[in-house]
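Visitor: So the chains spell out like this:
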Amino acid sequence: MEPSKAKRVLEAALLAAQQPLSLRDLQSLFEDVLSPDVLRRLLEELRDEWRDRPVELLQLASGWRFRTRAEYMPYLERLNPEKPPRYSRAVMETLAIIVYKQPVTRGDIEQIRGVQVATQIIKVLEERGWVDVVGHRETPGRPALLATTKKFLDDLGLRNLAELPPLEALNQTLELANER
Amino acid sequence: MEPSKAKRVLEAALLAAQQPLSLRDLQSLFEDVLSPDVLRRLLEELRDEWRDRPVELLQLASGWRFRTRAEYMPYLERLNPEKPPRYSRAVMETLAIIVYKQPVTRGDIEQIRGVQVATQIIKVLEERGWVDVVGHRETPGRPALLATTKKFLDDLGLRNLAELPPLEALNQTLELANER
Amino acid sequence: MVSDFQPTLDVPVQALLPFAMIYGQPMAEMPLDLYIPPDALAVMLEAFEGPLDLLLYLIRKANVDVLDIPMAPLTAQYLKYVEAMQASNLELAAEYLVMAAVLIEIKSRMLLPKPPAAIGEEGEDPRAELVRRLIEYEQMKLAARSLDDLDHADRDFAWVEVWVEKSLIQRLPEVTLDDLKDAWLGLLRQASLNKHHQIRREELSVREHMGIILRQLRDAGEQGAPHVRFESMFDLTQGVPVLVVHFLAMLELARENLLELSQAEAFTPIYLRLKAMSMDSEVNFDYGTIEG
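If you read the sequences in order, they're chains P, R and B.
Just so it is clear: in the first sequence, position 52 is 52 by the working numbering, and no numbers are missing.
If you want the working numbering, it's the 1-based position in the second sequence plus 1000.
If you want the working numbering, it's the 1-based position in the third sequence plus 2000.
Treat the hints with care, as some may be off.
Unchecked claim - Cβ pair distances, simulated, as ranges: (1) R:Ala1061 to B:Asn2257: 48 to 56 Å; (2) R:Ala1061 to P:Met1: 34 to 42 Å; (3) P:Met1 to R:Lys1005: 22 to 30 Å; (4) R:Arg1053 to P:Gln120: 39 to 47 Å; (5) B:Arg2189 to R:Arg1053: 22 to 30 Å; (6) B:Asp2149 to R:Asp1048: 23 to 31 Å; (7) P:His136 to R:Arg1053: 29 to 37 Å; (8) R:Ala1061 to B:Glu2256: 27 to 35 Å.
These are calculated hints, taken from the structure and not from any lab test.
Glycine included, C-beta positions come from ideal geometry on N, C-alpha and C.
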């Protein structure tokens, strides 16, 4: 198949996808095997073609997917007056601990936050598909070990955990602040 | 808002929409009212911009919607291969009778199957292009005589009917099977 | 080590925004010495995620080094809030009381003379564990904010999901020779078939050609020339066996009264036409006029 035609097939598939498409998914579109190099080049070309458009092609943890640019959200929100609720601080702090300290138990989270963690909070994150149980710690009660999922990375536009904002080194900032 | 910017907002909304968007929906994207004429013109421009792309903007009864073009479906299908459907036993038996006893009337088929043959069954085979009416028997009612077509042979990879499994051998297998 | 724990007017590091709205007024910081109405206390209690959060707030507001916390004033202030909340009969999470006990314990340990440290070792600061927890919690608190600042699916962007109309492509059932064979065997099993339903290969060929002839004549009829010359029915390139089968099929069709063979007189051309056609074509057809 002509590369230009293959690119249009990729575009159609990615525009219609209901989840990010992995390189393997994208390979399966073609009867004749497309080399990974060619595939990657076509995807990058496609991403460039969409550079100045209201929709962007992103490489995420589980594959490639188109999404609307953030600047268009204020308009799109008007279509659905029911805004998705922002997560509470309790949810976001719990998420941050799971993200940066994973795998963690609920006990670990409570230890760091200094308060009980309501079941509801974990449930919100699990139902969103951002967090799941990856095992159990071999201590009394065999508490569940929580970790983040690929969907979490996808939904935040990240390819892997290393792309997360780095933790701030607090001690130093503080000392510097005091010196002033 | 600049018309060109409004067009991009429309594009983003339509690409992300999970159902057709009516003119009223599309109006609601904008804080300042967009006249129906301008809106329609922008939508038509958008449709033209997408003319040569793998996805098309369609105006449907309930609104506007992007859809992947039919010619890309064979590729998209490979992403989620579905099991090909199968013909019912009634269709297959009817086909077998037409194949082996052609030309036959519906009455002949009913006599062999011992049950009525629904019009729908014949229609399925006719629409597939596998069976057609080659004449009429000169008996009361002048029933249509059905026979298989060249397309049937092509689709089954046969040059002629004599390449079909011979029935003598089949009947023997069956008799042997029944004796055991 | 001891410094006064004097709240300053400096903007607290993490309280750039009013942390609570009391009676419609933004409350940029906690009223310390004023009477705190119970409603306001309730809002405050909600504004903090727990005792660590409250402690961090007090420390940041006073602009003191978290590594060198003046324990006495901090403990005093913390207890003041806790007491106020208890006095207002607010349901205070047990963690707040536990933290109060921890603070008091640290404070008293700091008043004790230091035990002689082992050579080359510094005795551990009683505040060390609390400081470690405060730093870790603050780090997570800031991480939570930067996570919140990232673009979230459905909140800050929408996924593109163009409609795929599955019915645009019609999936047709596939039929194999085995399927056909099975269908026929199924019919035989139904037992109503007798010997004459056994079909030999030769017969199948004849049947195929019956269909071919009927189609030839049908097409001729549709083109307005229902009468077809006998010779033109045969494709001489196909070889003798096929010609024979074709002829047999023709005879079988005539026998089944499906076609009509006619010849005006001896040695003139033979014509075929569909029997059915005679129903709606003129009865007194003059074969002679066709000749020529």
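Visitor: Work down the list of hints and note, for each, if the structure agrees.
Guide: Now for the hints, and whether the structure bears them out:
1. The supplied range of 48 to 56 Å is met by R:Ala1061 and B:Asn2257, whose beta-carbon atoms lie about 53 Å from each other.
2. The hinted window of 34 to 42 Å between R:Ala1061 and P:Met1 holds, with their beta carbons roughly 36 Å apart.
3. Taken as a hint, the range 22 to 30 Å is violated for the pair P:Met1 and R:Lys1005, whose Cβ atoms sit roughly 37 Å apart.
4. Checked against the hint of 39 to 47 Å, the C-beta distance between R:Arg1053 and P:Gln120 comes to roughly 45 Å, which is consistent with it.
5. A hinted range of 22 to 30 Å for the beta carbons of B:Arg2189 and R:Arg1053 is inconsistent with their spacing of about 55 Å.
6. Our hint of 23 to 31 Å for B:Asp2149 and R:Asp1048 is violated, since their Cβ atoms are close to 39 Å apart.
7. In this structure, P:His136 and R:Arg1053 break the distance hint of 29 to 37 Å, their C-beta atoms being roughly 50 Å apart.
8. For the hinted restraint 27 to 35 Å between R:Ala1061 and B:Glu2256, the CB-CB distance of approximately 52 Å leaves it violated.
Going down the numbered hints, you'll see the structure goes against 3, 5, 6, 7 and 8, while the others check out.
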